[in-house]
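These protein sequence lines are chains L and F, in that order.
Here the first sequence is numbered in the numbering used here, starting from 341 and rising by one per residue.
Here the second sequence is numbered in the numbering used here, starting from -7 and rising by one per residue.
Simulated from the structure, these hints should not be mistaken for lab results.
A few of these clues could be false.
Okay, derived cross-link-like pairs now, DSSO-like style, lysine-lysine, Cα gap no bigger than 27 Å in a straight line [stated by the list, open to error]:
#1 L/Lys374 <-> F/Lys307
#2 F/Lys307 <-> L/Lys389
#3 F/Lys457 <-> F/Lys362
#4 F/Lys259 <-> F/Lys(-4)
#5 L/Lys462 <-> F/Lys157
#6 L/Lys462 <-> L/Lys475
Partner residues are not named here, just some residues of chain F that face chain L (Cβ under 8 Å, in silico) [as the list claims (entries may be wrong)]:
#7 Asp121
#8 Thr186
#9 Glu313
#10 Glu317
#11 Leu404
#12 Ala408
#13 Gly427
#14 Ala431
Where a beta carbon is used, it is the ideal one built from N, C-alpha and C, also for glycine.
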Amino acid sequence: MHAFTTLTGLVAVLNRVNVDTDQIIPKQFLKTIKRTGLRDGLFFDWRKKKDGSPDPEFFLNQPRYHGATILLSRDNFGCGSSREHAPWALLDQGYRCIIAPSFADIFYNNCFQNGILPAVLKAEEVQALMQAVFKTPGYELTVDLANQTVETPSGTSYRFDIDPFRKHCLYHGLDSIGLTLQHEAAITEYEARRENEAPWLFADRRS
Amino acid sequence: MAGKTLFDKIWESHVVREEPDGTTLLYIDRQLVHEVTSPQAFEGLKLAGRLPRRPATILAVPDHNVPTTDRKFGIADPISAKQIQTLEENCREFGITLFGMNDVRQGIVHVIGPEQGFTLPGTTIVCGDSHTSTHGAFGALAFGIGTSEVEHVLATQCLIQRRPKTMEIRVDGRLSPHCSAKDVVLAIIGKIGTAGGIGYVIEYTGSAIRALSMEGRMTLCNMSIEAGARAGLVAPDDKTIAHIKGRPLAPAGPMFDEAVRAWQQLKTETTANYDATITLRAEEIAPQVSWGTSPGMVTGVDQRVPDPRAMSDDKSRQAAERALEYMGLTPNTPITDIRIDKVFIGSCTNSRIEDLRLAAGMAKGKHVAKGVHALVVPGSGLVKQQAEQEGLDRVFKEAGFEWREAGCSMCLAMNADVLQPGERCASTSNRNFEGRQGAGGRTHLVSPAMAVAAAVEGHFVDIRKWN
Chain L
341 MHAFTTLTGL VAVLNRVNVD TDQIIPKQFL KTIKRTGLRD GLFFDWRKKK
391 DGSPDPEFFL NQPRYHGATI LLSRDNFGCG SSREHAPWAL LDQGYRCIIA
441 PSFADIFYNN CFQNGILPAV LKAEEVQALM QAVFKTPGYE LTVDLANQTV
491 ETPSGTSYRF DIDPFRKHCL YHGLDSIGLT LQHEAAITEY EARRENEAPW
541 LFADRRS
Chain F
-7 MAGKTLFDKI WESHVVREEP DGTTLLYIDR QLVHEVTSPQ AFEGLKLAGR
43 LPRRPATILA VPDHNVPTTD RKFGIADPIS AKQIQTLEEN CREFGITLFG
93 MNDVRQGIVH VIGPEQGFTL PGTTIVCGDS HTSTHGAFGA LAFGIGTSEV
143 EHVLATQCLI QRRPKTMEIR VDGRLSPHCS AKDVVLAIIG KIGTAGGIGY
193 VIEYTGSAIR ALSMEGRMTL CNMSIEAGAR AGLVAPDDKT IAHIKGRPLA
243 PAGPMFDEAV RAWQQLKTET TANYDATITL RAEEIAPQVS WGTSPGMVTG
293 VDQRVPDPRA MSDDKSRQAA ERALEYMGLT PNTPITDIRI DKVFIGSCTN
343 SRIEDLRLAA GMAKGKHVAK GVHALVVPGS GLVKQQAEQE GLDRVFKEAG
393 FEWREAGCSM CLAMNADVLQ PGERCASTSN RNFEGRQGAG GRTHLVSPAM
443 AVAAAVEGHF VDIRKWN
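Bound-form chain L, shown alone:
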């Protein structure tokens, strides 16, 4: 997994609440057995007008947002389906950080598994940043994971909370399965204890 330390990048805006994973990557792109190459499916329906032509208003079609690595959006980003194809598609398009006032649980977890930082800022802070982006073509932010800050070009710094363990793993790009396997002895010990309490859950270990 990619490590995430600091990122200075162009900011794109998707000014909608409840952006669900069905929109981020529609179902027809879930038939793949790979993790890569999903950018063509990113917001597949939203990037088009009803007649099928590209919607010039949609952020992915706006030249000013080309090359963006940070996405700014509204509440409950990533709600709905558990599909990890959603962060895979965002990553494939180049996004390494999503900023929103709240995220749906499963999407939030999935980001960390893929080296993407989902940063929670207050609704009014997101609002202020959106206004700044709208007013300023080429607007960039600096996201600093160690200090847990989002810094604006004018020097304003917004702090976000993050669970220390997740931060550590993201910062160092650690393989979480490898970390868990370091506790192999504890898992085995747990299984022995639990088998005693709830033997009906361990029929496979007796056969």
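Position chain F against the provided structure of chain L, taking the given hints into account.
Same frame as chain L, now just chain F:
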């Protein structure tokens, strides 16, 4: 000292280790696997040279991509076929039980878990599918995970978690006739919003919840994720135990009795505290119909399509305006004036035998309205078989409904069952997102009873006044 909640008891019995900062290695008893979210997990396992730790705790089934029409000729779409074939190969390679496409036990992953007795109280259950919350109906801590975590559980039988908060949603009183668990959960989401449950595990309590059947409790817990919650729980009781007894994968004989004694302890103690409590009165819940593109955009069938101009909050107003434009609805239209083109009865929310019995009971002697296309998709091959033994298929067919093979079908339209742009559907599924049932398709979430009435009349009707 405060007592323990049901959630506390399940969580604490699954802690392998806890770090000083609260990061917890949580043991996972059971994993359900389907074709869409597992190929990359198995690939990861292979690339790292790892093996599943306890293959016998995994049950796999293809459901999202399977056709609901005659399967003799396989799957027409080669990409869907490849995904299902990949699941079969992975299960064979790693010794995982798979109910293949032509196995009568095949069905929607969240229908077959309970059906087989794979879902048990007090367990932790995961699946690469957000509707894993369904299994909480049995007092199991069950939640959806992404593909990386699917791989994590395969390799380690554990997940790295932080303890969520607890929310009690208490529904007391008696539901009015024709109102069901679906109406209860839609009303709850309407009340707390689609982000209201973020960070929480919900425990549903109260006399109206106790009165629900196991099928009803599954419907309720299924849509906990639509309220943003990690999981939903109902404490096991005599109904739960009766439902599990004798199922193929459930414990049997003295082991069953021993398990029952443990399951009877799985209730929230009277001195326990929840982090939040929400209460509803069952009598006040009307049959629900969603009007927008998020499950929280829902109202009673006796109401009107809301007027965004009356909304004080900017974000809500903009979201409602956009939703109404997508849905092709005019503010203040009575819900009962909304005409529909399609009806879908199925999905992990409402495709169990009780749902089909109720729907068939209402469809009997009636006929689907002219111009309406209605589909019934049982949740599993065994549900289908049971329904056919009871003659429900004939009732549906005589009433003009199509009777299909088991699968996820038009809930997310990954197979050939798709809405066309602009088509409007009364659906017993769980998500009304834009394009969910097909690009440009318009979904209204309802209960099975409401779906049947809409199919017959061609528009929504208040089933409390319908005969």
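Output the numbers, in ascending order, of every earlier hint that fails for this structure.
Going through the list in order, the structure violates hints 1, 9, 10, 12 and respects the others.
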